[in-house]
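Peer 1: Starting from the two chains in their separate frames, assemble the complex, guided by the hints.
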Amino acid sequence: MCPEADRPVRVLVVDDHPIWRHGVARDLAEAGFLVVGTAADGRQALRIAGAARPQVILLDLHLPDISGAEVTRQLLAADPGGSVLVLSASGERQDVLDAVTAGASGYLVKSAQLSELLTAVRATAAGQAVFTPGLAGLILGEYRRLASSPAPGTPQLTPRESEVLRLVATGLTYRQIAERLVLSHRTVQNHVQNTLVKLQLHNKAELVRYALEHGLE
Amino acid sequence: MSDRMWRAVSVFRVLALGYAAVLIIADHNRYAHPAGGIAVLAVMAGWSAVTIVAYARPGRRSRWLVIADVAVAAALIMATRWVDTPARIDHGAPTLPTFWAAASVLACAVAGGPWAGLAGGLAIAAADLAERQGLPRGSLNGTVFLVLISGLVGGYVMRLGLRAEAAVDKAARSEAATAERDRIAREIHDSVLQVLALVSRRGRELGGEAAELGRLAGEQERALRSLVSPGPLAAPIGQLDLRLLVEPFACDRVTVSCPATAVLMADATARALASAAGEALDNVRNHAGPDARAWVLVDDEGAAVAVSVRDDGTGFDPAGLAAAARAGRLGVAQSIVGRLRGVGGEAILTSVPGQGTEVELRVPRG
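Protein sequences appear in the order of chains A and B. Just so we're aligned, residue 1 is where the first sequence starts under my numbering, counting upward by one. Just so we're aligned, residue 1 is where the second sequence starts under my numbering, counting upward by one.
Chain B on its own, in the form it takes in the complex (with noise of 0.2 angstroms):
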């Protein structure tokens, strides 16, 4: 930022020493010492090229070398006097750095900001206006008023571009910590999932007291990955990844089987269908057997989106709905359908005695 800037800088000095060069060439006859105009921009070139090669380095841009360079530019705007005739300095000729002068300004707003940038702006201002022995004539002449603009606007813009450097600079310092901590997470996280998957399987294998120990490390071990899994990436405003919804149902009576690609539904519409799908899972819990295990599958099938809910309990026969309603089965299951209903959906309900039971939820995607 700060070697841009002083770049910046001495490509100014450059273009405005150009600028100045076609002036004092073109009316160096109409001075009343057109030598001394040639000497003027033969100064300014030689301090130009002092000041560039001085300011390319950041060890020689010192304090000193700054306020010389303000110097400089003040006592050749002075000179404008003595060479030029007071006939053309009172009818408002320029002087003789014109532009030239401002690059010591901005010069003074990189190195000290703006109010640096200001206090250089005021001594050219005071050299301009000591030449010319009193304000311009006429209109404010605006170069005077430029010059201390340019002196404030550029310290500050300096300030600002330092603290954007700095406040970029952090956050990529932060971003880079936080995916080396990610990186250190995941690395932690798969030791602990195979250390719980293999007390699981070795407590289960063992029976008795240890079961019960394998069977709390396969829930954490569940609980655990879907932690690990991606979390909800980029879902566009108002729309949900199903599968983030139904997934935590999963346990060790209950598998949850999905896509490997986000499954994006309205807000409202995944949250029926996946309090739907939780409301079968509870209706297996306590309908279907102590022993029953669950499924669930989530399928997206582009225009719809099913989610289906097996059980391999005991089952009921759809035909006994006498008997169904009595075991507090139906109200549940219009209790989904409704829910359904509700985002535009269906359930279909099916159900062989001895063979478990299927709820299918699908609904359309609006």
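Looking at chain A on its own, in the form it has when it is part of the complex (with noise of 0.2 angstroms):
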């Protein structure tokens, strides 16, 4: 099941629901995945994960401590080598679009269903970004607003990305969007990993620009 079979995909839970914590480490566990730990909290996140080396962390946004979009960032920067994968379930579409232009990969929504969230991890592990219409949604709405006050270094989007992003938010899989736009299934997703990077990149340049402006080490 998974890409290297003697190499299981490491994985980390953050969630501060125990029922579901341990639930959904019992399940990766079942489907082959090796969980290197669980945290309630984003501290306990940031110390488990500097040890445990996980390639996927699997994320909560509602923690009661950090928020996940500054867990996402901590986790990053102490580890570039790791993806985060927000699973949450009242994430409100700020808190989700905050994640992911922190550097998360990838949004479900915990109703998913199982075979959903392994595909992701998967997905996540394999340094894919794990785009539901939700999320193409979001992003594309965030590209709209960035583009109502253009400045420089603002990124736009392509009219290919546009037009994919929105077939992404309109349900269509990257096969089906490949075979509409005449394009390879690679490129499809090159052109939706580009519109996430793209603003990640924006964000970070934006925190450096703002903790230099106001004189932060």
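None of these hints come from the bench; they were simulated from the model. It is possible that part of the hints are untrue.
What the hints assert, rightly or not - Where chain B lies over chain A, by a calculated footprint (3+ residues, C-beta under 8 angstroms):
no. : segment
1   : 18-29
2   : 108-114
3   : 140-151
4   : 163-170
C-beta: ideal position from N, C-alpha, C; glycine also.
Peer 2: Rendered as structure tokens:
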């Protein structure tokens, strides 16, 4: 099931809800993933991630101590090799968008089926973005918002990227999009990934600019 | 509030003392008893110091102190008769304490409200009339009335101020309580959402009756999530956040994707767009097949707002319009187009047999 059967994908499960934490950890273990730890809050997650070096961090946005976006930022700053997959129940749109622009590679609602979750964790481990239609709508909306007050360095969508994003947001799979636009599956995937990476780079640049302007280290 | 009013009384007292001092020092050579004038000034200064210290502490603001305050002021007014010459008094010369006496009236007002203020004012006015032995000559000397009115108005303002302070305090308390209730509600909602999501997922995996329970839990989870997400926050009058109209379409088979920020539109336009999207979804339910799923995307393009409704149902061949008309799909499509034309928009219908139908609704921002 896993990309490399002899070296299972290492996963850290972060959720303040014990039923979920254990349920998801068990499901992942049964499916052949190696759950290297579970954490109930952001600080614990950062501590365990530092020691256990998970490939995928399954992150609930609703943590008691640190915001989901901040946990994402710190996790990825500590280990740029890891990937964060947001799995959230009540994640309000802005929280999801913040976490994703902070570097998370995808988002799933908790009511997603187990098979969807397993596929998403595998895709995240392979370095792919996990785009639900809802996330595509959020990303598209964020580009529209940025375009309404353009500044130098504001990321923009190419017409093709915008088209692909709209199709993802209306529920088409990458395969269906590839067929419809006469592109390769790989190209569609790259377009989607690009839209996310551009936003994340912009977010990082904004943070650096803010830090420099305010004289922060 | 109370402390600040008492401080204001003290400030007034000091200023009035300064004014009285200037008058007394300038005029004392014309008095019958110049030394008496200086003595009255000394008593005023001493009493000012006593009251300023005493009124500064809530515990010392007794009724008797306020009455004594009025009595001292009245006595000093009466002393004018002994210090000044009758000729000057008959010509309307001011009393020795002048406005300083009003400080005791204000003290009455602050301590006991408008009626106490009026009573203090009457006492001082009476002393004033007794000192002059009659109404001031010529036009009514305003001082008597000023003193009365300042007692009444000062007390009234004080009462209003206290009420306003109580109201502000109550509002602040209720706001804090609401914020706390909201916080607790969010915590509970989050827990409930977690459990519903879990039941929904596990139920579906188990199948059979459990799957039905899971489906119900999933529906409730979505309903609750849309309730928990922040409500219509301060949309300008006459405008609506389109997301709030389209989000309720989400269900087991319908996924709604929106931007993270509000999509504000003119009220009527937003409603027309949302009803058109609702009709398109009805169309999916009725014609696209029992297993069809649908996706709704709200895309705020800036100059226009687009809502796409796509399903993965049976679809139809747009060339076979007659068949579509027979199936009742065309009528609905025409109704959607008409609805959007009404608000200056357009609807584009595309369909491929076996690949579902897509309706794109677009309305320019008016």
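Peer 1: Taking beta carbons only, do three or more residues of the segment 140-151 of chain A come closer than 8 angstroms to chain B?
Peer 2: Three-residue rule met by the segment 140-151 of chain A, so holds; n is 7.
Peer 1: So is the segment 108-114 of chain A in contact with chain B by the C-beta rule, three or more residues under 8 angstroms, or is the coverage claim wrong?
Peer 2: holds (count 6)
Peer 1: Counting residues of the segment 163-170 of chain A that have a beta-carbon nearer than 8 angstroms to any beta-carbon of chain B, does the count reach 3?
Peer 2: It holds, with 3 qualifying residues against the three required.
Peer 1: The segment 18-29 of chain A covered by chain B? Criterion: 3 or more residues, Cβ-Cβ distance below 8 angstroms.
Peer 2: holds (count 3)
In summary, the structure agrees with every hint in the numbered list given earlier.
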